[in-house]
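Q: Required output: the full structure, derived from the provided sequences and hints.
For reference, the chains in residue letters:
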Amino acid sequence: MDKQEYKEYVEGRMKKSPILKNCFHAFLMGGAICTLGQAFLELYMVLGVERATASTLASITLIFLAILLTGLGVFDNIARLAGAGTIVPITGFANSVASSALDTKSEGYVLGVGAKIFTIAGPVILFGTMSGVLYGVIYYLVTALGG
Amino acid sequence: MWLLNYLWAFLIGGAICVIAQILIDKTKLTPARILVSYVCVGVLLTAIGVYGPIVEFAGAGATVPLTGFGYAIANGVKTAVDQQGLFGALTGGLTATSGGITAALCFGFIASLIFSSKPKK
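Those protein sequences? They're chains Z and W, same order as listed. Numbering (the working numbering) for the first sequence: 1 to 147. Numbering (the working numbering) for the second sequence: 1 to 121.
Hints should not be assumed to be uniformly reliable.
[Stated by the list, open to error] Residues on chain Z that point at chain W, a partial pick, calculated with CB under 7 Å:
{"id": "1", "residue": "Ile-19"}
{"id": "2", "residue": "Cys-34"}
{"id": "3", "residue": "Ala-58"}
{"id": "4", "residue": "Ala-98"}
{"id": "5", "residue": "Val-124"}
{"id": "6", "residue": "Gly-128"}
{"id": "7", "residue": "Val-133"}
For the record, the hints were derived by calculation from the structure and aren't laboratory data. Here a beta-carbon is modelled for each residue, glycine too, at the ideal position from N, C-alpha and C.
A: See the structure below:
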């Protein structure tokens, strides 16, 4: 197989990149995680927790489960198959925190775990906060001027 | 009726994940960039009044994906600005998301005390 043939072979394989299969897996796993979240939400509401708090508690329960599965080494195996289905729900955020913490344990607890725990969570919190402040300022101006 | 809640949570949650999967497969966006974009898009969609109604009928299907994190930030900011004026823009976002962030940090740290990372295959 010469260079040209190899290039064609690789491009042929890339065209068949299983995007439909990936999307199907992401849909099933993402949907399943949200359904589980819905189950916790309704459970906490049945127990008499107010809706907004129950919603946060449901997310925290999923965070706990995702971090437990990360610690046990199971999460990565699920994530490899489900792709965005496990990354986009809050479970992906939790997994990024726990796996960064586990991977950098050997670098010490302060500059290892303490700093690297924010590798993915940091950007998410930073840009989320920035968008929130921007929205707050605009909302304040609009209500102050319009109201 | 309660079964419908689960169906919408599944469909909307799944659909939000499929959009991210298409972005991962079709563009060069890394998962980290997609997470950041999702939070910002969540803030934007909440600000223009689109995301609130989705949360109303999809429940956890809309709050569990990271766009829901953006929804919590935007909602928190709006409530805080209503109560405290411009100062609320600085406090609302992190106050509303503090439960999730603190839980992730605490559980993540405890996990690093108990477990060791498995060798990558």
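Q: Now look at each hint and say whether the structure bears it out.
A: Hint-by-hint comparison with the structure:
Interface restraint check: Ile-19(Z) against chain W, minimum CB-CB distance 5 Å, threshold 7 Å, status holds. At about 3 Å, the closest approach between the beta carbon of Cys-34(Z) and any beta carbon in chain W falls short of 7 Å, and the interface hint on this residue holds. The interface hint given for Ala-58(Z) holds, since its Cβ lies 6 Å from the closest Cβ of chain W, which is under the 7 Å cut-off. Because the closest C-beta pair between Ala-98(Z) and chain W is about 4 Å apart, less than 7 Å, the hint holds.
For Val-124(Z), the interface hint holds, the least distance from its beta-carbon to any beta-carbon of chain W being 5 Å, beneath 7 Å. Proximity of Gly-128(Z) to chain W holds as hinted, the smallest CB-CB distance being about 4 Å (cut-off 7 Å). Residue-level restraint check for Val-133(Z) holds (minimum Cβ-Cβ distance to chain W is 5 Å; threshold 7 Å).
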